[in-house]
Amino acid sequence: MSKARFTKAWLAALIALAPLSAETIVIQNATIMTVSKGTIKGSVVLKDGKIADVGEKVMVPTGATVIDASGQYVIPGIIDCHSHIAADGGINEGSVSVSSMVDIRDVINPEDIAIYRALAGGVTTANILHGSANAIGGCTLPLKMRWGKDAQGMIFEGATPGIKFALGENPKRAGNPQGGRGATATVQARYPATRMGVEDTIREAFNEAKAYKADWDAYNANVARGEHPIPPRKDLKLDPLKEVLEGKRYVHAHCYRADEILMLIRVADDYGFKIRTFQHVLEGYKVAKEIAAHGAGASTFSDWWSYKVEAFDAIPYNAALMTKKGIVVSLNSDDAELMRHLNSEAGKAMKYGGMSETEALAMVTLNPAKQLGIDNRVGSIEVGKDGDLVIYDKFPLSDYAKVQKVLIDGMVYFDRDKEVSGRAAKAAEKQKLIEKEKQNQQRQQPQRRPTGQGGQAQ
Amino acid sequence: MKKLITALLLLCAYAFAESPQAVAIRNAKIVTVSGPVIGKGTVVVRNGLIEAVGENVPVPADAWVVDGEGLTVYPGLIDALSTVGIAGAAPAAATATAGRGGRGQTTTTTATPAVAAAPVERARGPEDRPSTTSWLIAADEIQAADRRIETVRSGGFTTAVTFPTRGIFAGQGSVIDLLSGEKSGEMVLVPSVGQYISLSRGGGGGGGGFGSGFPGALMGYISYVRQIYLDAAHYQLVKDAYAKDPRGMPRPEYDRALEGVLESKRILLPANRLVEIDRMLRFAAELKQPAILYGARESYRPEAAELLKKSGAPVLVSMRWPEAPRDANPEDVDSFRTLETRDKAASAPAVLKKAGVQFALYTDGLDQPREIQRAVKKAIDAGLSREDAIRALTLSPAEIYHVADRVGSIEKGKIGNLLVTRGEIFDDRTRVELIFVDGRKYTPATDTAAPGGRGPVTDDPGGNR
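Those protein sequence lines, which keep their order, are chains A and C. Those letters in the first sequence? Residues 0 to 457, per numbering that gives the first Met the number 0, in order. Those letters in the second sequence? Residues 0 to 464, per numbering that gives the first Met the number 0, in order.
If you're looking for bench data, these hints aren't it; they were derived computationally from the structure. Just to be clear, a hint being listed does not mean it is correct.
[Unchecked claim] Straight-line distance between alpha carbons at most 27 Å, and here's what the computed DSS-like set of lysine-lysine pairs gives:
no. : chain 1 : residue 1 : chain 2 : residue 2
1   : A       : K347      : A       : K40
2   : C       : K376      : A       : K437
3   : C       : K343      : A       : K429
Assemble the whole structure, with the sequences as input and the hints as a guide.
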């Protein structure tokens, strides 16, 4: 990295930190928690953005940059299955009960500082979800936290896109004429206002989607026969639901109560689609068997509950109990701050429910990767997977562990030493701008005569 | 000489706009913009058109003569994005404010006053085509009596590209000459030059929260625009098929929203931050629409200029440079990006020029001559040459809207739109002496330049406030 880049303003400097091309890197003498293949003391070799080798003894390629991680720990990059960062102009298209026409992909904000902060907390991939104001929400997608890249450069290439569903209080709140956060004097109530209505809204949308899909299937069949019919109107609301029916788009369903979880499973079975993950799913432990039978994953909180009525009947053993019933469970943040220490969230799974270190760590790495269908690329430290790694100074599931370096695609995107040592320069740069602005303002202000009030007095 | 001045004064007193058959301005410095500066020369305007310009142009016998000693003649300025003449329109403002950095939601919807706002009908979704008046053409809406016409003209503007700006597909802009009290039809150069698209809600509502009308969030706006273009393409397909052979085919429903979209030559998209510039350039390419970006606050960033250069899309830079909020809590510290933007925004024109991006400046609701002068001066102080500043307000906007064969420079055969100043344009003490629009002579309105004030008929444009 050239020196000239560092002379720029601090954000520019941060952007410059984003490496341009992957060099070969060897991380040596580390405790490597691979998640899929146990914990070893040894080295990882990263080449062309991928993990080229991992083991107690590895061949160090000539010209490789060596990172000595003596006494330190290496884990796979953390994956947050439920995040709302890095989006511009609102995370909820809350005006309608079915907002499947909107897509987070259109509003990615690669300059959201929350990305850098998440990165500094070891997160390398995050599933950016639409909000939960609607029974059927907007389209979603996973991003890699490639701080410094543009919007397109953030997208986890090749990952199956998703769509947000939401059950219970949030989607019905906007419909409640008696109040709730959404309904004010100026805002009209919106259907649905009950859990029954939420179910109906989803069913109605899929009735429409089925008819829409039939139109397109008929059209495609005609085209295949060599005819030239006019295609049906492309409907951005129904297109994603058609994709859900075709298994090309994952459903991530926000839910709390056991009854609504069962409801959605019934709806999905009726219409022939799958729920990929239940999100929050605080009562999942009550219906774990049914969730497992459906094949859905569960992405929950470690020990957060009672923040609203539907979140009362929750227990911190939820993650462990669901795991024991055979569900792939992840722990998510749903929050830009919590996102920065998902490692300690994973640690809580050891306390509540007696998960092993590996099982706990998997809940923020391999399991969310499986839930997002990207476990062929990320989630564990294996040869051939992406070079997405986090180096901690201490045991990573501890509150005392600090992230030292974060690598994505085999490139260093966060370096604690550089961050800390660069702070003074950044602060000075900022102070300079503040002073400059102040001076300009003073120059523009008309000169005032001193009022004498204490002016000359000692 | 004395006689001439007296004659001039008399003329001023006699009538507001005089339109003699021919006018000759002689012995003036002439900044043609399209060619070299003429140190001392003559411009002749006859029947609204420039008849001759040059060093040794004879003064026709029948022409009113203006002695240009000590005067400079420029092409009339062009405001590349305006709402002048549109009743009840808020002056154009790009969607996003510089924001406070930090968390993602930096695109804030600014509250514009609800001047004659139509009642917002609650839409269930894009199928109801909320906030769309794509069929509106500014030329049809011009109020010749709008007092802003005089205010803006007094600052040296002879031409404006004026747009309806309410709604998402607000309507089609027109190039108009700023004549006073005439029939609006006389003012129009080109009735439709493009569709104005906004991605935030002007006039109340807005916000991405629960329960307000569709669309609420930025992604809703984008999806809405995308759906309209998909529908327009489909509509065209069905219409063409029906036109070819209507027999046995159900009649396609006439849709004025889609008609308005289809007849628009190009689209204007809002983009202030680098992220927005990137997003909108991609969006325009996806929609396969020739686009002009407006706002462009962060186009001072080299990455932004590079993107714009690569895309070839022209950009309209708002002259409403961001400023620190007046009554801000002194404890609050803005993000680095916000501070940097306030520091560097006015250097955007210089950066764009250097990068070879086609750009024009627009007033963005600034209409007092003094405000405009200060704003341009700021860009000049930040590295833009005076010549390029003039070009960005004359020939460049004319080229962007494909009217450079008519306006934007002082050339034989072009429309007689001239600005005559004492002193160099955009200097502190320079005075606008005369303005010619379509060869009709105007003198600047007195007392429009109340220090720091806004015109009495100007709506608060929101903008950076």
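How the hints compare with the structure:
1. A:K347 to A:K40: Within the cut-off at roughly 24 Å; holds.
2. C:K376 to A:K437: holds (20 Å)
3. C:K343 to A:K429: holds (14 Å)
In summary, the structure agrees with every hint in the numbered list given earlier.
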